[in-house]
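Protein chains in written order, with our numbering: chain A, 11 to 442; chain B, 39 to 315; chain C, -16 to 287.
Do not take every clue at face value.
[Stated by the list, open to error] 30 Å max Cα-Cα, derived DSS-like pairs, lysine-lysine:
#1 C:63 / C:281
#2 C:96 / B:231
#3 A:262 / C:152
#4 A:312 / A:262
#5 C:63 / B:231
#6 C:179 / C:96
#7 C:179 / C:93
#8 A:91 / A:57
#9 C:93 / B:144
#10 B:231 / C:195
#11 B:144 / C:281
#12 A:204 / A:318
#13 C:152 / C:-5
#14 C:195 / C:179
#15 C:195 / C:96
#16 C:179 / C:91
#17 A:204 / A:91
#18 B:231 / C:93
#19 C:63 / C:152
#20 C:195 / C:281
#21 C:179 / B:231
#22 A:262 / A:318
#23 C:195 / C:93
#24 B:144 / B:231
These aren't lab readings, by the way, just hints derived from the structure by calculation.
Take a look at the letters that make up each chain.
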Amino acid sequence: MSKLFTKKLGLTVISSATALTLMACGGAGEETDTDNADTSAVETEGKTLTLGVWGGNDAEESSLDSLISQFEEETGAAIEKKVYTDYNTQIQTDLIGGTAPDVFYVDVSMFDFFEEQGTLMELEPESFEVDAFYDTLIEAFSNDEGGLYAIPKDMSTLSLYLNEDIFEAAGVSIDEVPGSLEEYVDWLPGFQEKIDEAYPDDDVFAMSYTPELSRTYHLMERGDGDVITEDGLANLNDPAVIENLQILTDLKDTGAYVTPQDIGTGWNGEAFGIGKIAIMDEGNWVYQTLNNEFSDVNFTVKEMPTYKDEQGSMMFSVGWGKYAGTEESELADLWIQHATGAEGMQEWVEGTGTLPSRQDVAEAADITSNPDLNIHLEAWEFASPWQDGVTLTTVSNAFNNYLPTVMNGEESWEAAMEEANSQANSDIEAAN
Amino acid sequence: MKKNKLPIIHIIMYTVLIIYAFFTLYPFLWAVAASFKPFREIVGGDLSLLPNEFTTANYEYIFGRSSLFSRWFLNSVIVSVVGTTINIFLNTMAGYALARLNFPGKYRIYYGFLALIMVPAQVLLIPNYLILRNLGMLDSFTALILPAAINLGNIFMMRQFFMNFPVDVEEAAAIDGLGRFQTFFRIVMPLAKPSISTQAIFVFMGFWNEFMKPMLYLSSPQKFTLTLGLQTFQGQDGGVRWDYTMAASVITIIPIVILYIIFNKYFLQGVRMDGEK
Amino acid sequence: MKANSKKSRVSKSRLVEWFQAYTFLAPALLISLVFFVVSILFSLYLSFNNVNLYASTYSFTGIENYARMFTDGRAAIALKNTATFSAVVVPAQTIAALMVAFVLASDKLKGRKMFRLIYFLPTLTSSSALTLIFMFIFNVYGPVNELLLNVGLLSEPINFLQNPEYSLKVIMVMNVWSTVPMFMTIYLASLVDLPKSLYEAAEIDGASSWEKLLYITVPYLRPITTYVVLMGIIGTFQMFDQAYIFSNGSGGPANSTLTVALMIYQYAFGQMNSMGYASALAIMLALIIFVVSLVAEKVNNRNS
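If we strip away everything but chain A, and leave its shape as in the complex, we get:
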């Protein structure tokens, strides 16, 4: 029985290796041999592995299901999928109760927390072809001592989306869009005027922003800015951070810079899709939304504008982590290898429209030939991962809480950030 299985698996490896070679991707092909060595030693038939995931869109769900059935076929093991609807509450309850799944999604922003709590089992870098991944992401899922605790399954970055229809109606060429945020301050009022002329009865705005730390973090970190200190304390009232934030109020003062909520929509994707926003910065997940739900909108994707002469963006990622209390450690490794291996990841990104966390897959999956997605992909080089120690959520809550008061003109940056900072730090200090 196990012989048959090994044969089956061997065949798969051979075929996947061939496929990879065909795609001119030799590096990964050699490394699949390590897979083979590992897997043949493991008895998998009849075992059950539990995966903890959160609900994605249809494409994500069917891609995951397809990965699961392949895995079940190859290993003879059964997979139980646990779909979280309120991930933060449920995974914490599961971890505390000792009922957590063997392998589960770990958001990069929560990684430090999970790792520090000892809920994740360390992974062997050699077993997972870590060299093929973008190193920023591997670092993000490693602790300070360099131990690897989760493997990124995909990634997302922020880029700039331009609504071509609005530009056309306003008689402005897309090439006129400035390259730096500083230039936007002077350019936006004129653009807004032309929009207002083109849409006299509608409130259409030149540009939108999402008032959250997860979107402004990279701006705040420019130059000497440091949002969270090395001790994990909030540093929001630091003069360098406040100086970096100034651009947001400068943009807001143009009258052309709004939040999706300001114009009665839930998020950027909606606001842009219904044609109320000409420019937004958003993650590549919006690409699918725009194509599926708002297919009549013509848009193009550009690089994020520079700020303080530096390029910047945000990078988000979700990894597969192995539960520290798992009894199916080897099977869990096999699953992670399967889902984040070159072949599995290619299927995943092609099915879901997300970006791969491996360079070899980016080439193989032909993402580079889609100019829009390629912009997102190339942002990995300068994007900041959405991660900054275990206190990030606390600092982020405090910042998000006070940001609107500044943007609405009720408080100065200094006053609001002072309050946000002391709110965050009193929580952080009390917890220590």
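Use these hints to put chains B and C onto chain A, whose structure you have.
Here is chains B and C on its own, set in the frame of chain A:
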């Protein structure tokens, strides 16, 4: 003089009632309308109660989404019906004892229950989870029903109802030679029908709309309740899917509205206590 | 109370009464013991410790968690928001529920079944779905702003959801709107039992509707009002769902929708991992609710 005044009062009264009815209905009408609109139209800020572009795609999506849909529906019905039946008896019995019977420790128990209602639910979540895990009840309907087999608020409500309950009913039953237990089940409970149906609806709704408990206690999709099942198609990023959410809300509300209409008959026409009937 | 000579029979019937009482209360007592008392004792224990539930480590810290509340600015804000919320919502929902029930109980009213059915609808829906609908209705381009603009009460739409000045008020409106029907129904169920002869006697004396409400209905409903007020206090002090969905869990903007229950949740399920502090907050909240309820009950009973 009095007759001239009445119509004006009536007009005002009806106007207020109708305006209030409109404010109550509007969100529902909007939700129903939205459930037949395409996503783009909903987020486009169109406030009309009639869809421009009528579509049943949202319902098709939800029903087609999972083969387990009817199963979830059935699970919700089972949990709600069983849970409500148990609650009706236990709450009414406890409320009756606290209002009508004399026994040592009565007020201590009453204030004890009152104090327990005041403990915020958020803090009971994790301890309850650990208790249920130790009892081996996770991922079962028992986990949903047992901790909620009584409802302290409803015990309290039944007690307040029985405070106004006429003594002569029990006395008459005693004269007829009925024992205490017989009196309760044969005479008192039927007479308390209006309050019991009120309670039944609240308890049923509590089970039907319960979200936190299924979310934490259930893990197998075959055991999901409707509220939990419908949540599984909500993506993690990218805002609220109004189209599906509204269709899902309409689906969850309809059974309970039907139930309410059925119960409404009994609801407010209980037996008069003043001998008119 | 009955004849003293039949002492032995009386005490026997008393024993039967005790037996009945304890039998009737046993299931409720057992369940509350397992799922409430044990859980609360556990929370009480947690509240005196610095807790890491992941690693199951507890270190006794005495009253540190309780002392922390008094220096925690957010706790003060949360308590102020919660108390304000309760002070507005409880009287509003109680009075509105009583008035509507009184009107609907009148036999003269035509179409009262229809009205009852409509008014009851909000109670049938889960609070999360309702909150989402309300957020849509109150958004900048939503129906409420549209209405106020058309009537001329506003010259410019208000951003109800993002402006700290309005966000809590929107939740108040939402809460009153969705709780009135429930309490109205409870009042109605009790009004059915109100002897008609009382009203008839009052009508002969020439009492107006208002006087009937004030001197017959209100006193008759006093035990129910006690229930409604206490449940209102408990419900408002524990308000969580609406604030959570409204602010996406942050209690913003500018802590304007931060309630004590939301704060407890943040500490229990956040990266802060402060289960001990969360438990201390919860126990403090329970104590506050208890005191406020006792005062309210005293006031309600004194008025009789």
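Hint by hint, here is what the structure shows:
A distance of roughly 23 Å separates the Cα atoms of residue 63 of chain C and residue 281 of chain C; the hinted pair therefore holds under the 30 Å criterion. Proposed proximity of residue 96 of chain C and residue 231 of chain B is supported: the alpha carbons are some 18 Å apart, at most 30 Å. Proposed proximity of residue 262 of chain A and residue 152 of chain C is supported: the alpha carbons are some 26 Å apart, at most 30 Å. Between residue 312 of chain A and residue 262 of chain A the alpha-carbon distance is near 21 Å, which keeps this suggested pair within the 30 Å criterion.
The suggested pairing of residue 63 of chain C with residue 231 of chain B is violated, with an alpha-carbon distance near 41 Å, which exceeds 30 Å. Distance hint between residue 179 of chain C and residue 96 of chain C is fulfilled; the C-alpha atoms sit about 19 Å from each other, no more than 30 Å. The suggested pairing of residue 179 of chain C with residue 93 of chain C holds, with an alpha-carbon distance near 19 Å, which does not exceed 30 Å. For the proposed pair residue 91 of chain A and residue 57 of chain A, the alpha carbon gap of about 14 Å is at most 30 Å, so the pair holds.
Annotation: proposed proximity of residue 93 of chain C to residue 144 of chain B is violated, straight-line Cα distance about 44 Å (limit 30 Å). For a cut-off of 30 Å, the pair hint linking residue 231 of chain B to residue 195 of chain C stands: about 26 Å separates their Cα positions. Among the hinted pairs, residue 144 of chain B with residue 281 of chain C is consistent with the structure: their alpha-carbon atoms are about 19 Å apart, no more than 30 Å. With a C-alpha separation of about 28 Å, the suggested pairing of residue 204 of chain A with residue 318 of chain A holds against the 30 Å cut-off.
Pair hint residue 152 of chain C plus residue -5 of chain C does not hold up; C-alpha atoms about 58 Å apart against a cutoff of 30 Å. Pair hint residue 195 of chain C plus residue 179 of chain C holds up; C-alpha atoms about 12 Å apart against a cutoff of 30 Å. Restraint check for residue 195 of chain C and residue 96 of chain C: satisfied, since their Cα atoms lie roughly 22 Å apart, inside the 30 Å limit. Taking the CA atoms of residue 179 of chain C and residue 91 of chain C, the gap is near 13 Å; set against the 30 Å cutoff, the hint holds.
In summary, the hint linking residue 204 of chain A to residue 91 of chain A is not supported, as the alpha carbons are separated by about 52 Å, beyond the 30 Å threshold. Distance check on the hinted pair: residue 231 of chain B and residue 93 of chain C sit about 24 Å apart at the alpha-carbon level, within 30 Å; holds. The hinted pair formed by residue 63 of chain C and residue 152 of chain C meets the criterion: a straight-line CA distance of about 14 Å does not exceed 30 Å. Distance check on the hinted pair: residue 195 of chain C and residue 281 of chain C sit about 25 Å apart at the alpha-carbon level, within 30 Å; holds.
Restraint check for residue 179 of chain C and residue 231 of chain B: the C-alpha separation of about 19 Å stays at or below 30 Å, so the hint holds. With a CA separation close to 18 Å, the supplied pair residue 262 of chain A and residue 318 of chain A stays within the 30 Å bound. The suggested pairing of residue 195 of chain C with residue 93 of chain C holds, with an alpha-carbon distance near 20 Å, which does not exceed 30 Å. For the hint linking residue 144 of chain B to residue 231 of chain B, the alpha-carbon distance of about 25 Å falls within 30 Å, and the restraint holds.
Hints 5, 9, 13, 17, counting from the list given before, are not met by this structure.
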